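Trainee: Letter by letter, the chains look like this.
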Amino acid sequence: MAFGAFATTAAQSQAEDAPRRRSWVALVLLLPGIAYLALFFLVPLVSLVLTSFNAPGPSGAMGDYVPGFEWSNYVTVVSMYGEHIIRSFLYALLATAFALLFSYPLAYLLGVRLRRFPLVQALGVTLVIAPFFISFLLRTLAWKAILSDEGPVSTALHALSLLGSDDHITGTPFSVVFGLTYNFIPFMTLPIYTSLERLDLRYVEAGGDLYAGPVQTFLRVTLPLSLPGVVSGSLLTFIPAAGDYVNASSTFLGGTGTQMVGNVIEANFLSLQNYPAAAAMSIILMAIILVLVGVYVARSGTKDLV
Amino acid sequence: MSAVGRFLGRFALPVYGVLAFVFLLIPIAYTIVFSFNQVRRTNIAWRGFTLDNWTNVCDDPTVCQSFANSIVVGVVATVLATALGTAIAIALVRFRFRFRSGTTLLLFLPMASPEVVLGAGLAAEFLTAGVPKGIGTVILAHTMFCISFVVTTVRARVAGLDPALEEAGRDLYASPGQVWWRITFPLLLPGIVAAALLSFALSFDDFIITNFNSGSFMTFPKYIYIASARGIPPQANVIASAVFFIALIVVVVSQLTTAARRKRLARG
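Heads up: the protein sequence lines correspond to chains A and B, in order. Residues 1 to 306, numbered by the working numbering, are exactly what the first sequence covers, in order. Residues 1 to 268, numbered by the working numbering, are exactly what the second sequence covers, in order.
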C-alpha cells in the first residue's frame, strides 16, 4: 500500500529524460507543499525537542515553562514511565503478531484462492476495509459493550465457569491487545493481499513439479515472495499500535494498569499541562520506533520500502 | 492423504474466511443495530426496535454540530491537501531536481510517525507560537497528514501517463494551459479523486491529532471520545451508520465503474 508506492522505477527513468531548463516549474509545483510540510511537520518535531528540555517557569504555575536545557526531564520520565514504555511496545508487538496470524490466511484466500472469481474477490476486499467506514472509536466501544460484564461473552464464560465471578474481560491487558489487533487488521491484510495477488502461480507449480510438499512450497516459495507485504503490513500495524491511546484508555478497553505511552503523553499534555514531560515521552517513542523500524527493514532485506 | 485431510485442505480456508469476515463485521453490526434501540438513559441494553433515533437525529444538537464540523474540516483539508499533494506528485515524476531523495523522505516520515507524536508536536508548536487552538489549527493539522497519502496515490497515476498524449497536444499548437486542462488533468482525474476520497476519510475519522489541536472545537470523533465516559447517545450510532452506508455505496459504485470500463476497453 502506501509504503510500496515509494519504489517507482518508472518514475525515476522518466525523470532522467525530463527537461532541465524548466526547473522553475518544478520549483513552483514543489515549493508550496514542501514548505507546508516543513512548517507543520518538521518545525513541530524541532518544537517537541526544544519543549522537552524546558525548565519550570519562575512563577511555578501549572503549564508555565521557560526554555532551558534540562536533560533531567528525560531521566525523570524514564524513571516515572519506564513501565509504560515497555508495556506499549509489548502490546504493539503482540497485536502485530496476532494481526499477522489472523491476516495471512485471509489474504491468501483473497489473493490466491479467489483469483478465479473476481467479483467475490472484490467483495472480500471491500469487507476487509469495511471497518474503516465506521468510526474507529465507535467500533472500539462496540467491542467494549460486547466484552463487558453484562455482555454476551462474559455472561457465557461465567455460566461455563471459565471466568470467575470477580474476573472481567474489559480493563485488562487482554482486551487492550484484542482491541489493538482488531483495529489494525485491515492495515495488515491489505498489503499482504497486494503481494499475494501479484504472486505468479507458476512459481508455486514449479515447487510442486520439483517434488516439494505443500508445506515446503509455502515456506520456500510463497512466503518469501509475499514478504514485502508482510513487512509493510507489520509496520502499518506496529507504528500506530505503539502510539495508540484510545484502546488502552480506561473509558474504552483499558484500565488503570494498562496505560500506554500515548495515554501518558495525552495526560501530561492536555490535563497536567506538563509539556516538557509529554514532549520528552514523544521524542522517546519516536526514537525507539525509528530504531526498531530501521533494524526490522534492514534485517528483512526489503530495501525498496522508502 | 485421507479423505478427511483432503476435505479439510479444500474447505478449511473458505470456512476460516467466512468466520474472519463475521469477526470483522461484528462491531459494525452492533453499531448499526443499536442505532435502532429504544433508549432510556444509556444505550447499552436492548429495549426494543424504534426508528425515532433516525427521524430525530438532531435531538442531541452537539452530535449534529460536531458532525457538521467534521464535514467542514474534512472538505477544506481535502481540497488543500489534494492541491498541494498533486503538485508534488507531478513534480516528482516529471522533473529532475536536487534534494529529490530528501523530498521523498520528507513525504514518507509523516506516514511512519505515530499520530500522538504528530499531534503533540503541532500542539507544542502552536503553544510556542501563541496560536489559539480551534477549527483553523485542526484544518492545518489534517492537511499536513493527508498530503503524503495524496502524493502516494496520485504519483502512481502520473507515472502511468503516456507523455506522447501531451506531446500530441503540443504538436497541434495547444498552449500549456490547454494541454493541462484538456489532456493531463482529465487523465489524472481518477487518481486525484481517489486521493481526495482517501484524504476525506482520514480527516473525518481522525481523533488523536485532533484531540491535541482542537481546544474546545468539537469534531465527531472527539465528541464520541468525550461522551464515552457517560454513554453514547443513539444519534451518534445513527450518524456513524449513515456514513458507513454512504461510504459502502461509494466504494461499490467505483468498483463497478472500474470493472465496466475494463470490460469496455477489452471489447474495444
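The hints are simulated quantities; they were obtained by calculation from the structure and are not laboratory data. Remember, predicted model here, so these are calculated numbers, not experimental data. Don't take every hint at face value.
To be verified - Which chain A residues face chain B? A few, computed with CB under 7 angstroms, are given here:
1) L37
2) F41
3) L109
4) F117
5) Q121
6) I134
7) L137
8) R139
9) A145
10) P224
11) L225
12) I265
13) F269
14) L272
Note that beta-carbon positions come from the ideal geometry of N, C-alpha and C, so glycine has one too.
Trainee: Which numbered conditions among the earlier hints are violated in the structure presented, ordered from lowest to highest?
Mentor: Structure breaks hints 4, 5, 10, 11, 14.
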